[in-house]
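From first to last, the protein sequence lines stand for chains G and V.
Take 1 as the starting number for the first sequence in this note's numbering and just add one per residue.
Take 1 as the starting number for the second sequence in this note's numbering and just add one per residue.
No lab work stands behind these hints: they were computed from the structure.
The structure displayed is predicted, hence computed values, not measured ones.
Treat each hint with caution, since some may be false.
[Claimed, not checked] Straight-line alpha carbon distances no greater than 20 Å define the calculated DMTMM-like cross-link-like pairs of lysine to aspartate or glutamate that follow:
1) V:K104 <-> G:E102
2) G:K13 <-> G:E52
3) V:K56 <-> G:E102
4) V:K57 <-> G:E75
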Amino acid sequence: KAGVTQTPRYLIKTRGQQVTLSCSPISGHRSVSWYQQTPGQGLQFLFEYFSETQRNKGNFPGRFSGRQFSNSRSEMNVSTLELGDSALYLCASRWGQGIVHEQFFGPGTRLTVL
Amino acid sequence: TQLLEQSPQFLSIQEGENLTVYCNSSSVFSSLQWYRQEPGEGPVLLVTVVTGGEVKKLKRLTFQFGDARKDSSLHITAAQPGDTGLYLCAGALSNSGYALNFGKGTSLLVTP
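All chains, please: the whole structure from these sequences, using the hints.
Right, dumping it as structure tokens:
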């Protein structure tokens with residue numbers, strides 16, 4: 001079974017631009033979560049989608065948004081980029097049932113904002 | 001505020017040595033996961049512990065979940081260079097849906 005895939009793997013943008021990142025979950029997984037990883041803050045939860053609905057949101061500004069499609073693929077958008085948005089953005093998928101919270105991560109998209 | 005505190009932050013040991021990494025919190029978690037991450041890659045799930053007091057073994061790795069479900073430890077026996085990486089603990093609070101709270105990680109370097 002293929003793992004979580006994320007595209008693109010690397011991205012360079014300038015301040016003020018916007019960016020869209022894509023994530024395809026493991027086949028059969030209906031939940032997709034997004035995390036931001038930086039050296040200073042570690043991994044921080046952005047939001048989770050399940051069956052095209054946002055179920056949970058972390059403490060990030062409204063510039064960060066996402067959506068999920070009917071095939072469970074998800075996109076994350078960051079508008080008006082700031083230097084501090086430079087990070088590794090990780091997508092994780094989960095089957096979506098049960099009490100066990102284990103998630104399976106993709107390789108990430110490395111975003112650099114200049 | 002970091003809900004999960006990991007220690008030590010950095011660890012450099014020689015091949016064959018044993019080590020323990022700790023993950024502590026004042027909060028109770030429904031379950032706790034351990035991940036290993038290599039540079040430029042996403043975290044890879046190693047184990048999930050669910051029951052207080054649970055001990056799981058994965059070859060040379062032993063994971064323990066505290067009785068009160070507030071802390072966990074990872075013990076590696078006879079470390080090998082292939083164990084090098086960033087070890088992360090993560091847990092979900094009962095009132096936070098499926099959002100994982102991560103510790104900042106323990107960076108392990110095992111030299112031959």
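Now the hints, each set against the structure:
1. V:K104 <-> G:E102: Holds, at about 18 Å.
2. G:K13 <-> G:E52: violated, 28 Å
3. V:K56 <-> G:E102: holds, 15 Å
4. V:K57 <-> G:E75: Status violated; Cα separation ~37 Å.
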